[in-house]
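Participant: If you're matching positions, the sequence shown starts at 1 in full-length UniProt numbering and goes up one per residue.
Please note that a few of the clues may not be correct.
[Unchecked claim] Capping the alpha-carbon separation at 30 angstroms, the derived lysine-lysine pairs in BS3-like fashion look like this: (1) Lys60 / Lys22; (2) Lys28 / Lys68; (3) Lys68 / Lys22; (4) Lys143 / Lys154; (5) Lys154 / Lys133; (6) Lys28 / Lys60; (7) Lys133 / Lys143.
FYI, nobody ran anything at the bench for these hints, they're computed from the structure. Keep in mind that this is a model prediction, so the values were computed, not measured.
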Amino acid sequence: MIGGGIDIVAGVEGGYNGSGMKTIIPSKVAASFSIYLVPNMIPDRVNSHVINFLNIFWPKRQSPNSIKVYPQHSVYPWITTYNHPHFEAANRAINHVYGVDADLIRQSRAIPAATILHQMTGSSIIVMPLNTKDDAPEAVNEKLQLRSYMEGMKTIIAYLFELASV
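Based on the provided sequences and hints, a complete structural model is requested.
Facilitator: Here it is as structure tokens:
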């Protein structure tokens, strides 16, 4: 963990990846990882610290291999307060459609649009996932069931109706 964020190794590639035993030592291996930031962490500073750490740590391993680090993209962390009239309207909409109160969950997701909208407007931003747990959002096999889509449309319409009374 880096300052409270989460580090996730997302993928390693190199060598032979077919079925069966692997006896090949690849000449090149690449790995990718993500660092999920928490509020008040600055992406460029985190990138700089990670690169500096790896550049200091790697020579100490005395490995004949080399390392190159390429930061891809960074998103500022975003957090909002849930005791806001928009959240109350969303909860009423969800209750209207599903018959239960919303589960207010703080998730680690990289949603650049939410961060940018929050920074530009200073307003509360609500992200309402309208899929089921097994839909695997942001995964390779992500899906959205037709029922979730239909219920999601109803929820958005109910939310706009509830928002009109705020």
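Participant: Compare the structure with each hint and give your call.
Facilitator: Checked hints:
1. Lys60 / Lys22: 29 angstroms, holds
2. Lys28 / Lys68: Holds, because 12 angstroms separates the two Cα atoms, which is no more than 30 angstroms.
3. Lys68 / Lys22: 25 angstroms, holds
4. Lys143 / Lys154: 19 angstroms, holds
5. Lys154 / Lys133: 19 angstroms, holds
6. Lys28 / Lys60: Since the Cα atoms of Lys28 and Lys60 sit roughly 20 angstroms apart, the hinted pair holds (cutoff 30 angstroms).
7. Lys133 / Lys143: 11 angstroms, holds
Violated hints for the displayed structure: none, as all numbered hints are satisfied.
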